[in-house]
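Number of protein chains: 2
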Amino acid sequence: MNTTELTLDQIYQLAFDCLSAAGANQDNADAVANTVMRAEQDGSISHGLFRIPGYVATLKSGKVNPNADPQPEQVTPALVRCNAQNGHAPLALARSIEMLAQSAKTCGIAALNLTHSHHFAALWPETEALAERGLVGFACVSYMPAVAPAGGSEALFGTNPISFAWPRPGKVPLVFDMATASMAVGEVKIAARDGHKVPLGTGLGPDGEPTDDPKEILKGVLLPFGGYKGSAISMMVELMAGPMIGETLSFETKENDNADGGPPQGGEFILAISPEIMGGSDWAEHAEKLFEKLEAMEGIRIPGQRRHKLRNSGNIRSVNSELVQQLRTMSGTAE
Amino acid sequence: MNTTELTLDQIYQLAFDCLSAAGANQDNADAVANTVMRAEQDGSISHGLFRIPGYVATLKSGKVNPNADPQPEQVTPALVRCNAQNGHAPLALARSIEMLAQSAKTCGIAALNLTHSHHFAALWPETEALAERGLVGFACVSYMPAVAPAGGSEALFGTNPISFAWPRPGKVPLVFDMATASMAVGEVKIAARDGHKVPLGTGLGPDGEPTDDPKEILKGVLLPFGGYKGSAISMMVELMAGPMIGETLSFETKENDNADGGPPQGGEFILAISPEIMGGSDWAEHAEKLFEKLEAMEGIRIPGQRRHKLRNSGNIRSVNSELVQQLRTMSGTAE
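So the sequences go chain by chain: B and G.
Each residue of the first sequence is one higher than the last, beginning at 1 in the working numbering.
Each residue of the second sequence is one higher than the last, beginning at 1 in the working numbering.
Just chain B, with the same shape it has in the complex (with noise of 0.2 angstroms):
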């Protein structure tokens, strides 16, 4: 694979001028480029500008609201809502987390419920924001069918992702991020497009039998991650980002989705706690006794350190030639 050098100036630009283009305003233009910007700082290709083309695909079909203005309610002392109005879910979450975790420093616990959003980055960016601000933080979005119930064979379940991110004053939080398929989508295109295969049992082929293929998983459907039980939370995550915060389940967004190749509109349910009212005011050093022995254990990493290893590496990212030429192509700056 050819690779270009941009600096994370130049990735958050040419972001920026896709989504301005395509029509997106000052603000849901940023809140987006700052996103994918910080996936690639990370290393977290999948959710970088890999992802321009299907933002910039809902702006063009008229499916995301381009001048969105989101504003988020209190609604009880521990619940804040947020209609993202038919906006990128990005505006929308910067300006919702403040309110959340005031409302956790208050109660302890609270909850952001985001309805009405196109949710296309990865659920870190919210976890870990809260995490920053002393809080644990959980996140669960769902998405359109991909995956089957463990036993069935028809696609039921989005990837359905979870993220959970712990404070650790002075130090990176711990954070990970993680679907619940056997496997992210985002990553099986990636495969199929580099021409890799994928493990048995991430899913299963248009004929329902097992394969390795990630292009014949993409024709048939994922499967979730541990069997039975990862189903199950699979299932809790549809109601959890669905009918929980009056949003629609998987099967429901691809009923309403206009097929345009970006993200399809639903919810987000966010989960933040203060440990600091919860356990006590020695949480933090308690909490260091597990990664200390964790980080003793040989082959054990505490998860969301490696991104943030690769957030300090400096100013330049490799990014896939045919992606750079391709957006700049769709930003009107081609060469």
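Taking lysine-lysine pairs in the BS3-like style, the calculated list, with each CA pair at most 25 angstroms apart, reads: (1) G:K105 to B:K105; (2) G:K254 to B:K289; (3) B:K105 to B:K171; (4) G:K293 to B:K219.
So the derived label-pair ranges between C-beta atoms look like this: (5) G:R328 to B:K171: 51 to 61 angstroms; (6) B:G280 to G:G208: 36 to 46 angstroms; (7) B:S318 to G:G54: 50 to 60 angstroms; (8) B:G170 to G:S321: 51 to 61 angstroms; (9) B:P199 to G:G208: 15 to 25 angstroms; (10) B:A296 to G:N256: 16 to 26 angstroms; (11) B:E209 to G:K309: 29 to 39 angstroms.
If you are wondering where the hints come from, they were derived from the structure by calculation, not from laboratory data.
Keep in mind it's a predicted model, so treat the numbers as computed, not measured.
Idealized CB from N, CA, C, for every residue including glycine.
Keeping the supplied structure of chain B fixed, place chain G upon it in accordance with the hints.
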């Protein structure tokens, strides 16, 4: 295996008598006996009378307070804390659930932090109690080290079960309750007792090698379900049921325990959510659309339904005769 038929009242009374004979006061013996009877009623035998010798051991060794008088306190409008006063968990839970439910109905979301408790039951009694009140429930506990983090071979995590319940007004709620270990210790113990093998991948023997012999795994270590992803969830439970609520990590729980074979002291984190406040008035009808899809798929069942079917299957249960004899002796009611 020889079995003895007992009525539900006889099961309750046998449990109550064992606990009373070991010193538990009326309220504590009643709460535990009720939890044990309900497990037998639902066919959850690994949490039924099978657990009484463990409960009794903690009373005889003096580890558990036989006269615990737990009083839940409202810490914030969305947070209830209950110090179980070193008693068995059922009494503290029975006294706290209503305050938790009311908090969730006021705030949309609320948490119960149970501390200084000895938990030795399933988690579905508490999440199902929330679902019966029209609330979404989530609960988790840690225990003593029995599970190696994915990639390791040394026990650090407890079996760290999680339970989730979704209310279905007029119907049996959806409830799952599962160890984040590949299998619950209780199940492994029953397999060992009954001479059954367990699937490869369940755990490692004392030599660090995979085995299908439950006796070897009980001397070695369990593995998490679902590899690295299940391991991440198990770690989340360590933090949520531990430092987040001011309670011990599994390895600390073991260090503090007197090894009497009964449940050690630890914490439980419980979440209650009002889908009415969050999702609006059609939340229940909406979620049924998912269950209709699931029920239409061959080979898929909605978790919790089988237990409820057993619950309503008359008044008689078959219990391992050896166990019944042991408990009759223990209670001083042997014929």
